[in-house]
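K.L.:
Below, each chain spelled out in residue letters.
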Amino acid sequence: MDILDLVREAVENSVEAGASFIEVSVSMADGGGSVAVSDDGVLSVDGDPFERGCTTKGIGRGDGLSLIREASSGRCSLERWNGRTVLRFHVDDARLGEGLSSSLLPIFLFPAEIALTIDMAGRSMTLRTGELRDADAFPDRAGAIGRFREMVRQKEGEIYG
Amino acid sequence: MGFKNYILVCGGTGCESSRSDQIYHSLIDEAQAQGVADQVQVIKTGCFGFCEQGPIVKILPEDSFYVQVKPEDARELIAEHVIKGREVTRLLYNKAPRKAYEEVEDIKFYQKQLRIVLRNCGSIDPENIDEYIAADGYKALEKVLFEMTPDDVINELKTAGLRGRGGAGFPTWMKWNFTKQAEGDEKYVVCNADEGDPGAYMDRSTLEGDPHSVLEAMTICGHTIGAHHGYIYIRAEYPLAIHRLEVAMKQAREYGLLGKDILGSGFDYDIEIRLGAGAFVCGEETALLQSIEGHRGMPQPRPPFPAVKGLWGKPTVINNVETWANVAQIINKGGAWFASIGTADSHGTKVFALTGKICNSGLVEVPMGTTLREIVYDIGGGIAHGKRFKAVQTGGPSGGVITEENLDTPIDFGGLQKIGSMMGSGGMIVMDEDDCIVDVAKFYLNFTVDESCGKCAPCRIGGKSLCNILEKITQGKGEPGDIDQIQQIAHAMRVGSLCALGQTAPNPVLSSLRYFPKEYEAHIQDKKCPSGKCKKLISYEINPSKCIGCTACSRKCPVGAISGEVKKPHKINGNVCIKCGVCKETCKFGAIEIH
Amino acid sequence: MAKLSLSDLREIRVREERNLKKRDIHGRSVHVVVAMGTSGINAGAKLTLNALADEVEKKGLENVIITQTGSAAPNPEPVVEVYTPNEGLVVYGSVDKDTAVRIVDEHLAGGKVLEDKRIELKEGE
Numbered sequence: 029m030d031i032l033d034l035v036r037e038a039v040e041n042s043v044e045a046g047a048s049f050i051e052v053s054v055s056m057a058d059g060g061g062s063v064a065v066s067d068d069g070v071l072s073v074d075g076d077p078f079e080r081g082c083t084t085k086g087i088g089r090g091d092g093l094s095l096i097r098e099a100s101s102g103r104c105s106l107e108r109w110n111g112r113t114v115l116r117f118h119v120d121d122a123r124l125g126e127g128l129s130s131s132l133l134p135i136f137l138f139p140a141e142i143a144l145t146i147d148m149a150g151r152s153m154t155l156r157t158g159e160l161r162d163a164d165a166f167p168d169r170a171g172a173i174g175r176f177r178e179m180v181r182q183k184e185g186e187i188y189g
Numbered sequence: 196m197g198f199k200n201y202i203l204v205c206g207g208t209g210c211e212s213s214r215s216d217q218i219y220h221s222l223i224d225e226a227q228a229q230g231v232a233d234q235v236q237v238i239k240t241g242c243f244g245f246c247e248q249g250p251i252v253k254i255l256p257e258d259s260f261y262v263q264v265k266p267e268d269a270r271e272l273i274a275e276h277v278i279k280g281r282e283v284t285r286l287l288y289n290k291a292p293r294k295a296y297e298e299v300e301d302i303k304f305y306q307k308q309l310r311i312v313l314r315n316c317g318s319i320d321p322e323n324i325d326e327y328i329a330a331d332g333y334k335a336l337e338k339v340l341f342e343m344t345p346d347d348v349i350n351e352l353k354t355a356g357l358r359g360r361g362g363a364g365f366p367t368w369m370k371w372n373f374t375k376q377a378e379g380d381e382k383y384v385v386c387n388a389d390e391g392d393p394g395a396y397m398d399r400s401t402l403e404g405d406p407h408s409v410l411e412a413m414t415i416c417g418h419t420i421g422a423h424h425g426y427i428y429i430r431a432e433y434p435l436a437i438h439r440l441e442v443a444m445k446q447a448r449e450y451g452l453l454g455k456d457i458l459g460s461g462f463d464y465d466i467e468i469r470l471g472a473g474a475f476v477c478g479e480e481t482a483l484l485q486s487i488e489g490h491r492g493m494p495q496p497r498p499p500f501p502a503v504k505g506l507w508g509k510p511t512v513i514n515n516v517e518t519w520a521n522v523a524q525i526i527n528k529g530g531a532w533f534a535s536i537g538t539a540d541s542h543g544t545k546v547f548a549l550t551g552k553i554c555n556s557g558l559v560e561v562p563m564g565t566t567l568r569e570i571v572y573d574i575g576g577g578i579a580h581g582k583r584f585k586a587v588q589t590g591g592p593s594g595g596v597i598t599e600e601n602l603d604t605p606i607d608f609g610g611l612q613k614i615g616s617m618m619g620s621g622g623m624i625v626m627d628e629d630d631c632i633v634d635v636a637k638f639y640l641n642f643t644v645d646e647s648c649g650k651c652a653p654c655r656i657g658g659k660s661l662c663n664i665l666e667k668i669t670q671g672k673g674e675p676g677d678i679d680q681i682q683q684i685a686h687a688m689r690v691g692s693l694c695a696l697g698q699t700a701p702n703p704v705l706s707s708l709r710y711f712p713k714e715y716e717a718h719i720q721d722k723k724c725p726s727g728k729c730k731k732l733i734s735y736e737i738n739p740s741k742c743i744g745c746t747a748c749s750r751k752c753p754v755g756a757i758s759g760e761v762k763k764p765h766k767i768n769g770n771v772c773i774k775c776g777v778c779k780e781t782c783k784f785g786a787i788e789i790h
Numbered sequence: 002m003a004k005l006s007l008s009d010l011r012e013i014r015v016r017e018e019r020n021l022k023k024r025d026i027h028g029r030s031v032h033v034v035v036a037m038g039t040s041g042i043n044a045g046a047k048l049t050l051n052a053l054a055d056e057v058e059k060k061g062l063e064n065v066i067i068t069q070t071g072s073a074a075p076n077p078e079p080v081v082e083v084y085t086p087n088e089g090l091v092v093y094g095s096v097d098k099d100t101a102v103r104i105v106d107e108h109l110a111g112g113k114v115l116e117d118k119r120i121e122l123k124e125g126e
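Residue numbers (this note's numbering), protein chains in the order written: chain A, 29 to 189; chain B, 196 to 790; chain C, 2 to 126.
I should point out that these hints are in silico values taken from the structure, not numbers from a laboratory. Ideal placement from N, C-alpha and C gives every residue a C-beta, glycine not left out. Accuracy of the hints is not assured; some may be wrong.
Each computed DSS-like pair below joins lysine-lysine, with the alpha-carbon atoms no more than 25 Å apart [unchecked claim]: (1) C:113 / C:98; (2) B:307 / B:279; (3) C:98 / B:334; (4) A:183 / C:59; (5) B:455 / C:113.
A short, non-exhaustive set of chain A residues, derived as facing chain C with CB atoms under 8 Å [unchecked claim]: (6) 92; (7) 130; (8) 134; (9) 137; (10) 164.
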C-alpha cells in the first residue's frame, strides 16, 4: 500500500491534537517502510489509542490510528518523549505511491508546519511547509499548485537518482 | 519570507484610543516569547470602519475577525490561534467559529459596502510604501507619466463623472481643466484635509489608512495641469494622520516618487504639509488658501475662482481628501468603470461617518444611490437601545434632517438636495425619539456662530440673532412671530453671506422646521418639549401609584429636592429640582415621569 | 536609497504583490473544501483533491482557495463543499475524478451548479 496514505492519517491525527509543528520521517527499505511522526500537540486519550473509534472528535474520526495498527499488524507505538508526542509504525509491504506529489499534497495542505523526510537506500529528500511558503508554493490555489508539483518532481529526483 | 499568519491590528485613531497600539506591541512581544516570531507578521493598518466594535484585530489567512480586543488577549491569540490554529471564539464578532468559506463580508456591517476610497484601509500597512505599491499603488502615476497626455487624464475624469466629495459636488475634471487652461508660470495643487463637521472623520481615516493614495493623486494632478508644488492643508488636531503623511512623503521621496525627475520622466513635483489651527471656516477653499499664505483664514469673494486665481494669485486646483483618493483608481480601472457605479446623477461611492444613536457606529462606504434605510438599518444595525428612529442629520452644520418618510430616497447629490439636505462631506448623525429637534438645530447653529469668521454682517449678525430666537424658544419664551422671523433672517443669510458657511448656516433650522413644524409649535404655544429634552419646559414628577417609597431617588438627588417617608410615595419639589434626571435613572419602578 | 526607475518600481510591485496576495481574502472569494477524513480517503478523496487541484491550476483560477476538512460522514463521500459569492454554499456528494473536473469547469469557472451531484448535507454527531 501507499505508505504516505498512512502518513496522512497520522498527520491528521496530530493536527487534531492541536499540533502546530509536525516532523515526519519515512524510511523505505527491503520492500517495507518505517514511519516516525513527532508533534507538539496534546496527548489525551484514555485507554488504547489504537482502538477503533477511540476519539472525542465525532463520527468518522478516530479511525486513523486503528487503520495504522491494522496496516502495521500491530507494530506501532505512541509515546510522549521530550514534550512531544511520537508515533512510530512499520509496514512490511510498503511503497511510495505513483506520483509522489499527489500523495504529498493532502499532507501539506494541513494548517500546520510540517517537515517531512523520506529516506530510500541511502538517498533522502526533505520538504518543509516553510519552504513551500517561501517559494509561494503552498498548494491551495492556482499557480502555487503548479509550483508545488514542480518542486516535488525535482526532489523526487533526489531519492530516485 | 514565509509567514504562516498575518495579524492586522487597526491603527485608526478610534482604535488607538482604546489601546490598539498596546495590542500591537503585546502581539509582537507574545509572538517572540512563545517562539513564533518568524511565523507571524503583525501589521498595523488603517481604520477598518467598524469603530463601534473596536479595537479590531483580524488574523489571516483564516480571516478571523476579532472585536473589542484588549492587550491582555494577545497571549491567548498567539497561543491558541497562531500556534494551535484554533480561533478564540469569545473574541470573534459573532462569538462562534465560522466555516472555512465564510468571510468578513458576511458580517452585515460590511455586506452592502463597496470600498473604493477605503480599499486599502485595514488591509495594508500605511507606513510601508512597498505594500501600497503592491496594491497597485503608483501604477496610475506610471500610466499618467508615460502613457497618457494631460488631456487624456482630464477626459478620463470626465468620463468617470467624479464630483467633489467635499460637499458641493463640483465636477472634478472641470476644476482641473480650468486650471490647466489658465495662463500662468506657476500653478498649485492643494488637498483640503481640514475636516471640521461635527461627527465626521472620513478624511482622517483615509489619510491614516492610505496616505499614498492622496500623494499619488496630487502628483497626477500636478503633471496634468502643469504644477510642481502641492500643499496638504490638515488640521493640527489630527496628529496620527499628519504622522502617517510625513512617513509616506519621506518614503515617496526616498523612492523618487516625489522630488526631481520622478521615475526618470523629467517631471519634478513635491508636496508640503500645512497645519491648520482648527478654524471651521478654513475648510472653505478661499479661506484655506488665505491660511496657507499665512493670512487669517477668511473667505474671499468668488469669482475669481481658485482655478484662475488661487494660492498666491496663481491658478490652483483644490480638492478634498476623499476626491483625491478616487483619482488613482479611476486612472487604473478607467472612467467607464467608475461611471458604472452609482446613480445617473452621481457616480462612484461615498464614505459616511455614521454616528449618534445607532447600533454600529463607524465608517461606511457605499455606492451612490444606496438608501438611507439601508445605511441606518442594514449597515448601522438600527437604532440603539430599541428606541424609535427620528431623523438623520446629513451635511453637518450646513445640511439638514432626513426623516422617516424620506428614508428610501437614494442618496446622491441631487436626491439629498431635493429633500432639503445636502451630501456635505459625509457626517451622518442619527437621532432617536429622545432628541429634541429644536435643541439639535440650536446645537448646529451655535457651532456655526462660534466658527463664523465675522467678516460679513449677514453671517455674523444673522447667525447670532437666529441663535437667540432658538434659545428663547427652548426656554419657553417663544412668541407667535418667531417662526416668521427665523424665515426672514435665514433668507437674508442665504443671499447675503460671502461664503458657504453663512449661506448654509440656517439649513438645520429650516429643514427641521419643514419636517417637524409641530415640535416647534409645541415649544412656542404649549411651552412643552415633546421629547423631554429642554429643561425649562419640563418637570419631573413622581407617579404616586407606582412609587413604593424605597427612598432610592431621594438619596441620589444631588440637591435634596425629593422628600417623603419610607414606604410611602415621595414628592419632588419643583422649585429646587434642577432636572438632572438622576432620579429617573435610579428608579426601578418607572415611577418618575417627565411632564 | 537610490531613486527608482520605472522598472525598479515594477519589480517592487511584483515582489510585494506576492506577499500581499497571501493576505488577500477579497480576491479569493471562492472556497473549495474537500472532506478528507479516513472514510473520505477510503472512498477516493485523495484522487478527488488532486483532480480538483490540477484542474484549478490548469484553468488558472486564482480566486479559488482549496482547503481540506475532516470526515463528512454520514454523507456519500467523497464530499466537496463549494462556496461562491453568487451561488452560496453548494455541497456535492460521491465526487470522483471526473466529477471534480466538472465542478471546476462548470461551477467554479462557469457559475453553473451541477444539480445531478448536489446533496443535502446531513450533520453527523
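K.L.:
Tell me the numbers of any earlier hints that the structure contravenes, in ascending order.
P.N.:
Numbers 2, 3 and 5, in rising order.
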